[in-house]
Amino acid sequence: MSPHRSDLRTGVPAWQMQKGRLAMGNVTRSLVTEAKTGATMSSGEPILSREDRDGVPTLVLLGDFDLATVEDLRAALRSLGTAGSAAPQLDLSGVTFLDSSGLGVLLDFQRETAAANGAVVVLAPSAPCRRLLEITGVDALFDIRD
Amino acid sequence: MQALDDSLDRRLRWILAGFATLVIFLLAVIIPPALVSRAAIHDLNRRWLPARAEARSVLIALVDQETGERGYVISGDQEFLAPFERGRSTVDRSLVRLRSLMDSTDRPLVDAVRAGYRVWLVQSAQREIALVRADRIGEARSLVKQGAGKQRFDRVRARQNRLIALVDARTHEADQRVDRANTTLLIAAIGGGVVALALVLATRRWLRRWATRHDEQRMLERRLADQTRLVDSISATTDDAIFLKDADGVYRFANRATSEIIGRPADEILGLRDVDIFPPQIAGPIVADDERVRAGTRTREFDVRIGDRTFLTTKTPYSFPDGTTGVLGIAHDITARRRGDDRLAAIAALSRAIAGQATVTEIALAADEPLRVATRADLVWIFVDDQRSRRLVSVLADGATQATADEFHAIPYSSPTLTGEVYRSGQAQIVNAADGHPVYGANLAAADLETSLILPLLVGGRVHGTVNFGWQAERRDLGPLDLDFFANLAAVLAEGITRARASADVRAALSTFQRALLPIETFPADLQVAVRYEPAAGELRVGGDWYDVFDLPNGLVGIAAGDVVGHGIGAAAVMGQLRSALRAFAQVEHDPAALLERLDLHARREAGAAATTVAFVTFDRTTGEVRYSCAGHLAPLLVDADGSARYLEGGRGLPIGLAHTSRPRDSATAVLEHDGMLILYTDGLIERRTSSIDDGLARLSDAATAHRALGVEAFADQLLDDLGAGIGQDDTAVICVRRPSAAAPWFNARVVADPRRLRDVRRALREWLDGHGYPTSRRDDVVIATMEAVSNAVEHAYGLDGESTVVVEAVVGDGLVVSVRDGGRWVNPLRRPERGRGLMLMQALADGVDRTSTERGTIVTLRFAAFADEPAPI
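Quick mapping for you: the protein sequence lines, in order, are chains W and R. Counting in my numbering, the first sequence runs without a single skipped number right up to 146 at its last residue. Counting in my numbering, the second sequence runs without a single skipped number right up to 874 at its last residue.
Please keep in mind that the hints were generated in silico from the structure rather than gathered at the bench. Please note: incorrect hints may appear among the correct ones.
Quick list of simulated restraints, FRET-style, between CB atoms [unchecked claim]:
1. R/Arg778 / W/Ala114: 26 to 36 Å
2. W/Ala114 / R/Tyr413: 34 to 44 Å
3. W/Ala114 / R/Gly479: 32 to 42 Å
4. R/Asp386 / W/Ala114: 36 to 46 Å
5. W/Ala114 / R/Ser580: 51 to 61 Å
6. W/Ala114 / R/Pro438: 38 to 48 Å
7. R/Asp721 / W/Ala114: 51 to 61 Å
8. W/Ala114 / R/Arg863: 35 to 45 Å
9. W/Ala114 / R/Arg583: 53 to 63 Å
10. R/Gln472 / W/Ala114: 33 to 43 Å
Computed footprint of chain W on chain R; a stretch qualifies when at least three of its residues, placed anywhere within it, have a C-beta under 8 Å from a C-beta of chain W [as the list claims (entries may be wrong)]:
11. 777-791
12. 839-851
Note that this is a predicted model, so its numbers are computed, not measured. Positions of the beta carbon are idealized from the N, C-alpha and C atoms, including for glycine.
One chain only, chain W, in its complex shape (with noise of 0.2 Å):
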């Protein structure tokens, strides 16, 4: 539980998103997928990417995330796999927006893994995103960690 929790602190606060989004072209981190638009990156353009962290595979997701992106997260979540004893992990704390289709995902990702790995662990939500778990009442099917 601690090395997650120090993960988190030392990994991607949110006040750095911009500045590691635009440090993901040269890093390790493989990107998983980005917005069709390219090269307009104004704010709120979403990027999902993977990264392992102590061995968890981690989803960190940044930006917006409405109808139009939905099967890009859809299919990340998928690529995120069930593998591996732990469960996996998702970031939350980029996110600047989640609409109810993109809540649908996660949850069916959470109703996929939950049986063989246990609860989706959730690292900091960022406030638009706990709003919408907590109004749905969905925030308890999911391990949410600050």
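Use these hints to put chain R onto chain W, whose structure you have.
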């Protein structure tokens, strides 16, 4: 018949008895006198006629004796003694006999004769004879001379003569008795005969009369018997119920059909009343009918429903011999006829219901009720084919469970379902669950149906889909007529659906055409623009009115409204031409008047373009200056931020394209303030047959003032509502352009229905909310809720078409009101669970969620309550 025989027998007996009496009477009358007569004749013949002869022979013998005696005495000749001797025996014998013939009263005379004779014989004759014999002739002669003998003999003779007279008298008496008896007999015979004859004649007459009557009666009885037999045979064989009820409503007669309808043997029905036989809801009306009939004198007809059968019952008052009045009824089963009528009505109702519907979905929805009523089906399901996806798409699933409806929302042509089979074969199918169909039995059971009937939607030999009916009760009663009926319903439905599809194809084409002519998503982003287009009522939603808003060089914006003469697709084509020309000219000619003059020249060369009215405005977004010119068009309306409205009356000229347009056109100017609004429109908005144009202009100006605080979209809706447009005899176009200030209370974003454009809306809304000082958490709530509504609209509209727009509008006032509009109707808005969660999110985050669907589209309105540091409304 039996009674008649009895009567005949009785009469015959009477006749025989009468004859016997007559014979006895005749015998009684005739026999006594006949006997008397016979006795009298017998008396005469056997007594008095022999008596008379004896009396005379006695006299003769006496005379002979006396003569012989005297002769002997005188002559002494023995010969004279012979008669004497002969006479002695004769006289004695005759007198004895005579005595026996005589009545005792008359016998003394006979005795006297005998006595006198003996005296004569002994004292005179025999003495004298004896004297003679003794030869004492003298003495004998002296004796004779003395005459004593003579005297004695005379006495005898006298007595004998008296006897003869007596006998003669007696004979005469007897003879008279015979005559009397004969007369009596004759009279009796005649009298008896006359009486008998009279009786016979009378009897004969009576018999003849009776026989005549009897024959008539027999004939009547035979006729009656024939009629009775006929009635019996009719009432037994007819399928009409024939019955007779008495004054108390008790059945007195019920034929076979009656007993079949009632379902009890006829002899059980007799003695019962309707209330004993039928449930109250059936018996009640029947009893009431009977009372009406009994109270009146004439025959009446009633419709009587028993179960699912309908009878035309003819009832007539019937007088019983005891003076009471009953009801004689004949009930004819008109179920089939009535069903036929009902079915024609049902088909007509279906036709009517779907006639006004434009789309397949609307037709299916409208057909649901009439189909259910007509078929009493528990499930009505309509599939139409989709050639692109090669699937049968469910457009109505009434009575199906949500799970079933979802499962069979769209089934491939090749589906092994019964629906697929019917679609492929074009042959109707009926399946009963009880028959255990190897493939479909389970489906029926799963749907809780006993019987399913699936018909192809056939038009001109081509199958366009299927209509499926399901019943929870088994329907083995469906006969050929019923199937014809169902096929007719399916045919009407198929006709409507193909018509709607054809017109949908045309509409889709025209809609594309019109959209190409009237693009709506390219308005300048710094202006808030709402447009409304309402073609004249008609099948084809296209017209000749247009509006346009477009960017021009030098920070100018061109705004146009126009109206081509005429309606429909021809006018639309001309409109497209002129609109394109106007846009093209506007790029090089910024003065409205000069632009319209160019358009004049252009319009003269275009067929159908002459007399088009146009209002053209250029708006300088930096200064707010408005330059305008009107070619026969209604004056644009300018609404200031404070709500004061005025028409831009300058720059007027003739419609374009008229040959005699020689006068140069003018442009006029005005200023559109921040938060003010410019409204261009066509005459359909204000022209009404019942009121003047001035009234319309006044109403438009009033409405604009009244609704100025609304967002442009809501404002445009209110204008149309207030002015009653859309019912229209004429095409109507409206364009409302607002020039918002930086602090304007209105937010307006228009995006193509494409998920990739969601972020643009999101960003704009965030910025606007930030600009109005919304704290981040509050802002995010509004954004999340709004974006759920936008996602719904985009997903829905995108799925439908991919070309429509979604407009998000927000107004800050007492709280925040966000509205999300799309151009369609949400038939099934919450199919996916994510959408359900989206609605839940909206409801959780907003203080009020409202959705209204109109023919202009669907509007979702989210209300957020004011918070403490909410910016004040302008």
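In ascending order, which of the hints set out earlier in this document are inconsistent with the structure? 3
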